[in-house]
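Q: The chain contents come next:
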Amino acid sequence: MIWDIAFRLALRALWRNKGRAMLTALGVIIGVGAVIAMLAVGAGAQQRIASQLENMGSNSLVVRAGSVTRGGVRTGAGTTSTLVTADAEAIAQLPGVVATAASVRTSAQARYRGTNWGTAVEGVSEDFPTVKNWPLEAGEFFTDRQVVSAEHVCVLGRTVARELFGLVNPVGETIVLKGLACRVIGVLSEKGASAWGQDQDDTIVAPLTTVQRKLLGINYIHRIEVQTTGKEAASRVYREIKRLLRERHRLQPDEDDDFRMYNRAELAKTAEESASVFTWLLGSIASVSLLVGGIGIMNIMLVSVTERTREIGIRMALGARRRDILWQFLLEALVLSGVGGVFGVLFGVGVAVALARFSQFQVDITPWSIMLAFSFAAIVGVFFGLHPARKASSLQPIEALRYE
Amino acid sequence: MSTPVIRMAGVHKTYAMGSVQVHALHGIDLLVEPGEFVAIMGSSGSGKSTLMNILGCLDVPDDGDYTLNGEDITRLDADALAGIRNRAVGFVFQNFNLLARTSALDNVEMPLVYAGVSKEERYERAEAMLQRLGLGDRLHHLPSQLSGGQQQRVAVARALVTRPSLLLADEPTGNLDSATSGEILALLDELNRDEGLTIVLITHEPEVAAHARRQLTMRDGRLEG
Chain G
1 MIWDIAFRLA LRALWRNKGR AMLTALGVII GVGAVIAMLA VGAGAQQRIA
51 SQLENMGSNS LVVRAGSVTR GGVRTGAGTT STLVTADAEA IAQLPGVVAT
101 AASVRTSAQA RYRGTNWGTA VEGVSEDFPT VKNWPLEAGE FFTDRQVVSA
151 EHVCVLGRTV ARELFGLVNP VGETIVLKGL ACRVIGVLSE KGASAWGQDQ
201 DDTIVAPLTT VQRKLLGINY IHRIEVQTTG KEAASRVYRE IKRLLRERHR
251 LQPDEDDDFR MYNRAELAKT AEESASVFTW LLGSIASVSL LVGGIGIMNI
301 MLVSVTERTR EIGIRMALGA RRRDILWQFL LEALVLSGVG GVFGVLFGVG
351 VAVALARFSQ FQVDITPWSI MLAFSFAAIV GVFFGLHPAR KASSLQPIEA
401 LRYE
Chain Y
405 MSTPVIRMAG VHKTYAMGSV QVHALHGIDL LVEPGEFVAI MGSSGSGKST
455 LMNILGCLDV PDDGDYTLNG EDITRLDADA LAGIRNRAVG FVFQNFNLLA
505 RTSALDNVEM PLVYAGVSKE ERYERAEAML QRLGLGDRLH HLPSQLSGGQ
555 QQRVAVARAL VTRPSLLLAD EPTGNLDSAT SGEILALLDE LNRDEGLTIV
605 LITHEPEVAA HARRQLTMRD GRLEG
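As you go down the protein sequences, you meet chains G and Y in turn.
Residue numbering for the first sequence follows my numbering, starting at 1 and increasing by one per position.
Residue numbering for the second sequence follows my numbering, starting at 405 and increasing by one per position.
Among the hints, a few may not be true.
[Said to hold, decoys possible] Label-pair restraints from in silico Cβ distances: (1) SER447(Y) / ARG402(G): 47 to 55 Å; (2) LEU291(G) / ASP624(Y): 37 to 45 Å; (3) MET22(G) / GLY629(Y): 54 to 62 Å; (4) GLY422(Y) / LEU346(G): 37 to 45 Å.
[To be verified] Only pairs whose alpha carbons sit at most 30 Å apart, straight line, appear in this in silico DSSO-like list of lysine-lysine: (5) LYS269(G) / LYS523(Y); (6) LYS391(G) / LYS523(Y); (7) LYS178(G) / LYS214(G); (8) LYS242(G) / LYS132(G); (9) LYS178(G) / LYS242(G); (10) LYS18(G) / LYS391(G).
The set of hints was computed from the structure by calculation and includes no laboratory data.
A virtual CB, placed ideally from N, CA and C, is assigned to each residue, including glycine.
Pulled out of the complex, with its shape left as it was, chain G reads as follows:
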C-alpha cells in the first residue's frame, strides 16, 4: 500500500472519532509528560547534589590526626600529636596534589560587649578562601605574614557575625575568644548548610598559628585538607599520602596508622550514584503510566478493529493484502502514540518548568530524557498496536464481509 494513503487513512479514521482518539492520546500524553517531568526532577536533584559536592570540594581528601593505642588504651580521634604542618608541606609535593591546607579546630565562647556566642574556631592558612572556594562578603582575609606572626585577627562566619553584631558591620571591631582579644578583619559570605545539615556559617576562622599557640597551646595540627587534580587522581593520591605519612611518622609495619583519611571523591561517587538511582526510580514509576497509556491504545484499537470488521472484509475482497490491513491499523496506533508523544513532551516540559517555579524542586530537562520518553512512546505504540493490527489482518475475508 502506498504510504501517504495509509497515513491519510489513519488520520481520517482518528478524525472520525476525535473524542475517543483524544482521550486515548491523553493516556500517552500523561505518560510521556510524567516521564519527562520526573526525569527532570531527578536530574535536578542530581545536579544539586553535584553542586553541593563541588562546594564541599569533591576533589579533596582529608587527613585527620588519628588515635594511638597506649597500654591497651585507645585514645580516640584527633588525640595524637604527630600530624604537623611539615606533613602538609610534604604532601603538597606529591604528584596530583594541587594544594594542601593544614588546620586546627577548637570551640570557644566568643564575646563582644554584652553578648556572647559559642562557636567553632578554626585555625587555617591564608589560602583558605581559595581552597574552600569560599569568598568574603566584607573586609579581607588574613595574609601569610599575619599567619607567620600569629596575629590576633579573625574572620567571622555569617551566623557568628549576625549573632554577635546583628546589623552592625563587625569589620574593625574586636571580639574576645578565651580571653584573647581578636580584631575582626572580614566576614565570610553565606555558605548555608552542609550536605549533612550542619550550619557551615557558624564558625570563626583565625590564622593557624594564632589558634595553635594562643588558644590551644599546641604545635601539631588536627587536619590537612588535600586538593587533588581530580576525582581520578584522588584515589592514587590517597594511597601515596598513606605511604608518605607512615614513613614520616616512622610507623612499624605492625603499627596502626596514627591518622585517618577521608576520600571525599568516594563520598561524591556514592552520593551521585544514589542520586542517579533516585532518577531512575522516578523515571520507572512514571513509565508505568506510559505503559497504561499504551494499554489504552491497544484497547481502543481492538474496539476499532471490531467496529470495522466489515470495512476490513470489503477491503480484502477488493484486493487488500494482509500487510495492507496490518499497516493501516498499526499506523493508526502509531499516529495516536506519536501525537500523544509530541503533546506529552510539551506537557512534561511545562510541568517541569512549573515545578521549578512554584516549588523548591530543582529541575533539569535534558534532551536525552525527551528523546527517551518520545521513543518509549513510539515503542509503546508499536508494541500495543501490533496485536490489534495482527487481529485485523488475520481476519478471513468471507467472515469479515458477513459480519454485522
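Following the hints, put chain Y in place on chain G, whose structure we already have.
A: Below, chain Y without anything else, positioned relative to chain G:
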C-alpha cells in the same frame, strides 16, 4: 480457441458448522467462456454463496481444480489471492458494501490503491467510471446521500474500475425496488453486450436470471444446467 475465464472441475467444499460437517459443494464442474453472461440460481442453503466465494477467490476449494483466466487458484496463498481479486474479479454485492462515510469517488478509487496505481491515474479512472455510469454529478456524495440504485451503481463502478475479466454479482438487485432493479439489470446487459464483459450472476429470482444467456441451478451442492 481462447482461454476460458472460469474452468472448474470436481470442486468440493465442506464446512464445519460446530461439530457438524456441512457438504456445501459436491463436485462442481463449470466452464465460462469470455463474454458469457451466466446466471446461477438456487434457494438458500443450496451452496450458491459458497460457490460465489470460491469463484471470487475469497475462499479455496477443498478438492478439485479451479483455474481463473488459466491461472490455478488452488495453489495460491492469501496475498496472491488478494492480488487476483484485485485484478481479475469485480464484486457487486446484495448490500452494496460501500465504505460508509467515504465519498463515491474514494470508494471507486479504493481497489486502485491496492493495485498501486498513482494518485492522478486513480482519480482519472474513478471519475471516468462514475461518469460512464451516470454518476458524474455525485462524485463527492457519501453513500448515505445516495439512493439504493445509485449506491449499487457506485458499487458496479468500483467493481469495473480495475478492468476485471469477470464480474461477480451476488443478488445485485436483492435490496432494490423493481424499477431500480430493472435499471441495474439493464446496466449489466449493456456491459455484457457492448463491452463483452463476462458476468456471473447469482440470484434466486427466475426473472432476474432470465437476463443471462445461460441459466444454471444449484441444488444440494450440485450444478444442474
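Q: Are the hints correct? Go through all of them and say.
A: Quick rundown of the hints versus the structure:
Take SER447(Y) and ARG402(G): their Cβ atoms lie about 19 Å apart, and the range 47 to 55 Å is violated. Between LEU291(G) and ASP624(Y) the C-beta distance comes to about 56 Å, which lies outside the given range of 37 to 45 Å. The supplied range of 54 to 62 Å is met by MET22(G) and GLY629(Y), whose beta-carbon atoms lie about 59 Å from each other. As the Cβ distance of GLY422(Y) to LEU346(G) is approximately 54 Å, the hint placing it in 37 to 45 Å is violated.
A distance of roughly 61 Å separates the Cα atoms of LYS269(G) and LYS523(Y); the hinted pair therefore is violated under the 30 Å criterion. Pair hint LYS391(G) plus LYS523(Y) holds up; C-alpha atoms about 29 Å apart against a cutoff of 30 Å. For the suggested pair LYS178(G) and LYS214(G), the alpha carbons sit about 9 Å apart, so the restraint of at most 30 Å is met. For the hint pairing LYS242(G) with LYS132(G), the CA-to-CA distance comes to about 23 Å; that is within 30 Å, so the pair holds.
In summary, the hint linking LYS178(G) to LYS242(G) is not supported, as the alpha carbons are separated by about 35 Å, beyond the 30 Å threshold. For the hint linking LYS18(G) to LYS391(G), the alpha-carbon distance of about 23 Å falls within 30 Å, and the restraint holds.
The structure shown violates the earlier hints numbered 1, 2, 4, 5, 9.
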